[in-house]
Amino acid sequence: MLSLTSEIRTPFHAVPAGAKLAALAVLSVATFSISAPALMLLPLTGTALLYLCGGLRFARAGLRALRPLWPFLALLAIWHGLSRDLGNGALLGGRLLSTVALANLVTMTTRLEDMIAMMSRILAPLAWLGVRPGRIAFAIGLVLRLTPVLLDRGRQLSMSWRARARRRRPGWQIVLPLCLSALDDADHIAEAVRARGGIPD
Amino acid sequence: MRTSGPSSIAIDALRCRLGEREVICGIDLLLQDRRIGILGRNGSGKSTLARAMAGLIDPASGRVTIDGADIARDRRAALAKVGILFQNPEHQIIFPTVLEEVRFGLEQMGHPKPEAARRARAALKRFGRGDWGGRSTAALSQGQKHLLCLISLLAMEPAVLILDEPFSGLDIPTERALRRVLASYPGTLVQITHDPQVVAGYERVLWIEAGGLRADGPPGQVIPDYLAEMTAEGADAFADL
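For the protein sequence lines, the chains are A and B, in the order given.
Under UniProt numbering, the first residue of the first sequence is numbered 1, with each subsequent residue one higher.
Under UniProt numbering, the first residue of the second sequence is numbered 1, with each subsequent residue one higher.
Derived by calculation from the structure, the hints in this document are not laboratory data.
For clarity, every value in this text was computed on a predicted model and none was experimentally measured.
Just to be clear, a hint being listed does not mean it is correct.
[To be verified] Capping the alpha-carbon separation at 20 angstroms, the derived lysine to aspartate or glutamate pairs in EDC-like fashion look like this:
#	chain 1	residue 1	chain 2	residue 2
1	B	Lys125	B	Glu115
2	B	Lys113	A	Asp201
3	B	Lys145	A	Glu191
4	B	Lys113	A	Glu7
5	B	Lys145	B	Glu90
6	B	Lys145	A	Asp152
7	B	Lys145	B	Glu175
8	B	Lys113	A	Asp114
9	B	Lys145	B	Glu115
10	B	Lys145	A	Asp185
11	B	Lys113	B	Glu157
[What the hints assert, rightly or not] Quick partial rundown of chain B residues pointing at chain A, CB under 8 angstroms, derived from the structure:
#	residue
12	Arg75
13	Leu79
14	Ile84
15	Phe86
16	Glu90
17	Phe95
18	Thr97
19	Glu100
20	Glu107
21	Gln108
22	His111
23	Gly134
24	Ala138
25	Leu140
26	Leu213
[As the list claims (entries may be wrong)] Some chain B residues judged to face chain A by a derived CB distance under 7 angstroms, without partners named:
#	residue
27	Leu56
28	Ala60
29	His91
By construction, the Cβ of each residue, glycine as well, lies at the ideal position given by its N, Cα and C atoms.
The whole structure should be built from the sequences, with the hints applied where relevant.
Spelled out as structure tokens, the structure:
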């Protein structure tokens with residue numbers, strides 16, 4: 001879930017990325033070892049409290065970032081409701097919700113650069129196999145830079161569809177131009193990278 | 001900045017192809033002025049010439065050297081010699097945050113990371129944008145994106161700066177502000193444009209037509225001919241788009 005670093009400063013922004021990732025790993029394992037549905041309230045309220053440390057506005061942004069999760073939670077509720085196993089459903093849902101929320105918290109309070117620097121350190125041993133960690137870090141940066149551009153291009157195309165079509169919802173016809181414009185963007189970015197010295201190792 | 005005299009851009013028998021089409025068909029030039037305008041209509045090959053001068057495309061034959069360095073082959077030398085500002089900042093910004101964007105070119109020039117970051121911050125501060133470092137590049141306004149692209153290039157202090165119609169679509173005050181920044185640039189400026197007004201105060205103007213050099217001289221000599229021809233054609237503009 002691509003929620004970028006929050007502009008709202010929280011105490012967690014000052015914590016080093018490595019420490020946050022390690023804590024995330026420990027807490028996730030701990031959450032997965034909980035077997036009683038009632039105990040699931042513990043990580044859930046804990047996570048909520050952590051968000052609240054950043055203030056109400058920050059917590060609300062965190063809640064918004066969880067929106068893509070609701071369909072999955074609804075699916076779990078329906079399935080386990082039908083199979084009369086709501087306890088297990090609550091357990092699974094709680095796990096999903098608290099671990100994703102915690103992971104989002106780390107994403108929202110860690111600068112991308114620190115995250116990538118951390119990744120490069122973890123991947124550094126791969127250099128023995130001929131993988132160049134610098135390139136992986138560069139690629140991550142590109143994905144994060146271009147995802148909003150691509151979304152925007154999609155919005156533009158559906159807008160120009162709407163401007164000249166009777167049906168408001170754009171059809172499958174915009175898929176091809178979207179792909180072509182993505183390839184075109186890739187050419188332009190390649191040129192920009194070359195203009196400033198090529199892909200770093 | 002370190003540039004003392006104007007740079008020397010030498011273009012020898014340059015031919016460039018885009019697919020099957022020959023876009024630049026044999027240009028020879030020696031440019032030693034500080035402010036050079038390249039005029040031409042859409043599709044005349046002026047943008048391709050700019051890309052060849054920046055070493056971004058490999059010519060079919062011939063070559064471009066700046067102060068003796070072959071800029072298509074020797075990319076490391078090219079970084080200090082030439083920078084290019086693209087028409088659309090969206091095509092130039094590579095990174096998700098401002099500091100990374102400005103720092104990238106400096107790292108590529110061989111500065112160690114902390115030094116590159118220090119220079120990048122100094123460059124941002126020089127333009128009164130010291131607080132931009134952590135900002136997301138996607139969230140900048142159009143004018144701010146243009147400025148970021150310009151700062152990223154100026155931080156590298158290239159001897160030659162090529163501008164490929166960079167400020168089209170900006171409002172008047174924003175464009176004026178950016179032009180003021182450029183006016184104080186001590187190195188060589190090569191401005192690609194279809195609008196003669198932009199290069200009226202320059203030292204030398206080249207008129208590119210159909211991939212070749214149509215005219216070359218001071219603006220007072222080249223611009224009136226260019227304008228006369230563009231206006232004459234305007235009556236039947238769609239005949240040859």
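Starting from Lys113(B), check that the Cα of Asp201(A) is at most 20 angstroms away, please.
Since the Cα atoms of Lys113(B) and Asp201(A) sit roughly 13 angstroms apart, the hinted pair holds (cutoff 20 angstroms).
Next item in the hint list is Glu107(B). Is there a CB on chain A closer than 8 angstroms to its CB?
OK, holds: Glu107(B) within 8 angstroms of chain A, min 7 angstroms.
Restraint check, 8 angstroms cut-off on beta carbons, for Ala138(B) near chain A
The hint holds - Ala138(B) has a Cβ within 8 angstroms of chain A, the shortest such distance being about 4 angstroms.
Tell me if Phe86(B) is really an interface residue toward chain A, meaning its C-beta lies closer than 8 angstroms to one of theirs.
Since the shortest Cβ distance to chain A is 7 angstroms, the answer is holds.
Hey, does the Gly134(B) contact hint survive, CB to chain A under 8 angstroms?
This hint holds: Gly134(B) lies near chain A, its Cβ roughly 7 angstroms from the closest one there, short of 8 angstroms.
What's the verdict on Lys145(B) and Glu191(A), does the C-alpha distance respect the 20 angstroms limit or exceed it?
18 angstroms, holds
Straight-line alpha-carbon gap Lys125(B) to Glu115(B), limit 20 angstroms:
15 angstroms, holds
Does the closest beta carbon of chain A sit nearer than 8 angstroms to the beta carbon of Glu100(B)?
7 angstroms, holds
Does His91(B) pass the interface check with chain A, least Cβ-Cβ distance below 7 angstroms?
Check passed: Cβ of His91(B) comes within 4 angstroms of chain A, closer than 7 angstroms.
Would the hint linking Lys145(B) and Asp152(A) be met if the CA-CA limit is 20 angstroms?
16 angstroms, holds
Is the hinted pair Lys113(B) and Glu157(B) satisfied, with a Cα-Cα distance of at most 20 angstroms?
17 angstroms, holds
Status of the Glu90(B) interface restraint (C-beta, 8 angstroms, chain A)
7 angstroms, holds
In terms of the numbered hints stated before, the structure departs from hints 4, 9, 22, 25, 26, 28, listed from lowest to highest.
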